[in-house]
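Asks: Protein chains in written order, with my numbering: chain F, 1 to 362; chain W, 1 to 362.
You may find that some hints are simply not true.
Each pair may be met inside one copy or between any two copies, as identical chains are not told apart.
[Claimed, not checked] Derived DSSO-like pairs: lysine-lysine, alpha-carbon spacing no greater than 30 Å straight-line: (1) K19 with K254; (2) K139 with K163; (3) K254 with K103; (4) K229 with K329; (5) K103 with K43; (6) K43 with K329; (7) K43 with K19; (8) K19 with K329; (9) K329 with K292; (10) K139 with K229; (11) K163 with K292; (12) K103 with K121.
It is worth saying that the hints were derived from the structure and are not from the lab. As the structure is a computational prediction, the values presented were derived from the model and not from experiment.
The primary structure of each chain is shown beneath.
2 protein chains.
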Amino acid sequence: MRPYNFSAGPAAMPEDVLKEAAAEMLNWHGSGMGVMEMSHRGKEFGQIYAEAEADLRELLAVPSHFKLLFMQGGGLAENAIVPLNLSRGETADFVVTGSWSQKSAQEAARYCTTHEAANTKAGGFTTLVAPSNWQLSAKPAYVHICSNETINGVEFHELPDLKALGCDAPLVIDFSSHVASRPVDWTRVGLAFGGAQKNLGPAGLTLVAVREDLLDRALPICPSAFTYKTVADNQSMFNTPPTYSIYIAGLVFKWLKRQGGIAAMEARNLAKASLLYEAIDNSSLYVNRVDKSCRSRMNVPFYLRDERLNEDFLTGARSRNLLQLKGHKSVGGMRASIYNAIPIEGVQALVDYLRDFEQTRA
Amino acid sequence: MRPYNFSAGPAAMPEDVLKEAAAEMLNWHGSGMGVMEMSHRGKEFGQIYAEAEADLRELLAVPSHFKLLFMQGGGLAENAIVPLNLSRGETADFVVTGSWSQKSAQEAARYCTTHEAANTKAGGFTTLVAPSNWQLSAKPAYVHICSNETINGVEFHELPDLKALGCDAPLVIDFSSHVASRPVDWTRVGLAFGGAQKNLGPAGLTLVAVREDLLDRALPICPSAFTYKTVADNQSMFNTPPTYSIYIAGLVFKWLKRQGGIAAMEARNLAKASLLYEAIDNSSLYVNRVDKSCRSRMNVPFYLRDERLNEDFLTGARSRNLLQLKGHKSVGGMRASIYNAIPIEGVQALVDYLRDFEQTRA
Chain F
1 MRPYNFSAGP AAMPEDVLKE AAAEMLNWHG SGMGVMEMSH RGKEFGQIYA EAEADLRELL
61 AVPSHFKLLF MQGGGLAENA IVPLNLSRGE TADFVVTGSW SQKSAQEAAR YCTTHEAANT
121 KAGGFTTLVA PSNWQLSAKP AYVHICSNET INGVEFHELP DLKALGCDAP LVIDFSSHVA
181 SRPVDWTRVG LAFGGAQKNL GPAGLTLVAV REDLLDRALP ICPSAFTYKT VADNQSMFNT
241 PPTYSIYIAG LVFKWLKRQG GIAAMEARNL AKASLLYEAI DNSSLYVNRV DKSCRSRMNV
301 PFYLRDERLN EDFLTGARSR NLLQLKGHKS VGGMRASIYN AIPIEGVQAL VDYLRDFEQT
361 RA
Chain W
1 MRPYNFSAGP AAMPEDVLKE AAAEMLNWHG SGMGVMEMSH RGKEFGQIYA EAEADLRELL
61 AVPSHFKLLF MQGGGLAENA IVPLNLSRGE TADFVVTGSW SQKSAQEAAR YCTTHEAANT
121 KAGGFTTLVA PSNWQLSAKP AYVHICSNET INGVEFHELP DLKALGCDAP LVIDFSSHVA
181 SRPVDWTRVG LAFGGAQKNL GPAGLTLVAV REDLLDRALP ICPSAFTYKT VADNQSMFNT
241 PPTYSIYIAG LVFKWLKRQG GIAAMEARNL AKASLLYEAI DNSSLYVNRV DKSCRSRMNV
301 PFYLRDERLN EDFLTGARSR NLLQLKGHKS VGGMRASIYN AIPIEGVQAL VDYLRDFEQT
361 RA
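Pulled out of the complex, with its shape left as it was, chain F reads as follows (with noise of 0.2 Å):
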């Protein structure tokens, strides 16, 4: 049996994907190339883009007037990426919840004036404020949220509803780390990315969904590669796409067709985030430092009270074969990331281990 590996990203990929793309890797259905060494405009390649797009399309029910693309950078390119695109050099607003939030904000202060509606970091980022109480800017080039931030572990279980808010503005979301994860309502959307180490596929490709209004107003000085618009005008083959990974997430896109979609995916993952946050809670020795209210079913950081412990901890989940547990460097304490592709069975077994060794240092 594989090892669970609770890798905040890049992380853990389903079985299935890793074994088809072995079986695939010196020849793709026959056609004598491995998928690696397709030209990008051949028409092997082609059908794997086609698919991949359409299935990413069913899967998260994409409005047809958003394009999605298939872009290189990952999230903190796309911090620049989004204001060089949306913010016409005007005022874009930021709802700081976390170390993501808080870089997109910084590195859009390089293309236009940023301005934060609210910001959560007094408390340590472990809650996050209504949307009613957010303070916005009076006519915003976009709204910013992290939907998911990955290092605080904290969620918007809803998307705000901005122009119930009175703003008219784009709301743009990050959801890297919870992308696939459950349904988006794209109501409330403008522009959605993410980095698809997470959830989707393998590092380097970054995923972009925007509406079409939003296409033609980037900045002269966005390098052309990463203009939303001649990257939607060229089926993201503006400048070579990364290929593999394209195809490697096309056929996570597949694999999670065949565990039921996206809602499924949604009702397998509150049940493992239930199973851990109530082993975390109802011990003495763990604790989980964000509001219930918001706590990230991708990302759970978690703390030993006796920080002392931390080592022994580690050391001990890798002889379970429990990998990957230590927190983000900048928070410390550990990190169980539970993304699509940890079955129940792994957060169980880190459940178990969770109990036996507090036993054991009881």
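Chain F is fixed; fit chain W onto it per the hints.
Replies: Just chain W now, kept in the frame of chain F:
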């Protein structure tokens, strides 16, 4: 036997590399993880990265005062990233010898004044101008060349010596399509960049080799993820790097070392190119229009003098397992890209087919 794949990129990979990658897909070196699943900050990927960097530095004999960066976005993104990092908004000179250097000059104009030191478009991009005849500007921030034009099949067999021309600007070379096919004279280079998808590995990985004194000249509008100093200071891990692509490139580097290194590859590439150009030159049906002094060893465009035979030619090639010979849409005709991963046997098979096809049509 696998077909021979003459794609210009993404392109043929060494069969041994694909086999290794397939064998390790689910479990890299007993780690219990596939490479795609590893945190880029873990010790396993740290080892993969360090070995890839060291092997590449050794293979290309990169001096210690150059940084090697593993980036994303390909050559087209670098067309913006280079001037964002090096131009200071001043004047940059471009030697336009084909489609790629032309695109580079066009994109740079977003960020600086561009000056064409030479342009061979009038001759159909089939020749080079001697550096002594370049019209360099008074004090360029840098001088850009594409040292091998993938589409037009024109190669600099010697890098220009700017100092000998009385110019102390750094030379920037786009070596995407001939990196690792021949040694590089680093004494003449300030910065070299290349997409990996021709001679190094999968699409989605971009190699940049930059002299340390050029690291810290970026414009304030340069995105952090593409600022060379930021990338260098973070060992290419400011943003999550394309980990799997770096791993595959690392396997290619080890394969290159087993082949005898770059000098051995150069000897093979010379032999391969000679074999193919001789066959073309000695035929009545095929023609390559590039001056013999600057023909590319990697990308060999050729035309059938009777273009009505094009489809028959390609169909016959496929039936002999000779794949992806169609020329770039912008120039038509045929193109055989004979990168490192194409063995001499592959070129011989192509030459045999050229002869047989011509005979049946005589």
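Asks: Have a look at K19 and K329 and pick one of within, between, both or neither, based on CA distance no larger than 30 Å.
Replies: Neither. Shortest intra-copy (32 Å) and inter-copy (36 Å) distances fail the 30 Å Cα cut-off.
Asks: From the Cα coordinates, with 30 Å as the cut-off, is the pair K329 and K292 best called within, between, both, or neither?
Replies: within (24 Å within a copy, 57 Å between copies)
Asks: With identical chains treated as interchangeable, where does the CA-CA distance between K229 and K329 reach 30 Å or less: within a copy, between copies, both, or neither?
Replies: between (37 Å within a copy, 22 Å between copies)
Asks: How do K163 and K292 come out at 30 Å by Cα distance, when the copy is not named: within, between, both, or neither?
Replies: For K163 and K292, only the intra-copy Cα distance (27 Å) is at most 30 Å; the inter-copy one is 66 Å.
Asks: At most 30 Å between C-alpha atoms: does K103 with K121 qualify within a copy, between copies, both, or neither?
Replies: within (13 Å within a copy, 45 Å between copies)
Asks: Quick one: K139 to K163, C-alpha cut-off 30 Å, is that within a copy, between copies, both, or neither?
Replies: within (13 Å within a copy, 54 Å between copies)
Asks: As a check of your reading, is K103 near K43 (CA-CA no more than 30 Å) within one copy, between copies, both or neither?
Replies: between (40 Å within a copy, 26 Å between copies)
Asks: Within, between, both or neither: how does the pair K19, K254 come out at a Cα-Cα threshold of 30 Å?
Replies: Classified as both: same-chain Cα gap 14 Å, cross-chain 24 Å, threshold 30 Å.
Asks: With identical chains, the pair K43 and K19 could be close in the same copy or across copies; at 30 Å between alpha carbons, which is it: within, between, both, or neither?
Replies: Cα proximity of K43 and K19: in one copy and across copies (24 Å, 24 Å).
Asks: How would you classify K254 and K103 at a CA-CA limit of 30 Å: within, between, both, or neither?
Replies: The answer is neither: 33 Å in one copy and 37 Å across copies each exceed 30 Å.
Asks: With identical chains treated as interchangeable, where does the CA-CA distance between K139 and K229 reach 30 Å or less: within a copy, between copies, both, or neither?
Replies: within (24 Å within a copy, 35 Å between copies)
Asks: Checking an output row: K43 and K329, CA cutoff 30 Å. Within, between, both or neither?
Replies: between (45 Å within a copy, 14 Å between copies)
Comparing the model with each numbered hint stated earlier shows that hints 3, 8 do not hold.
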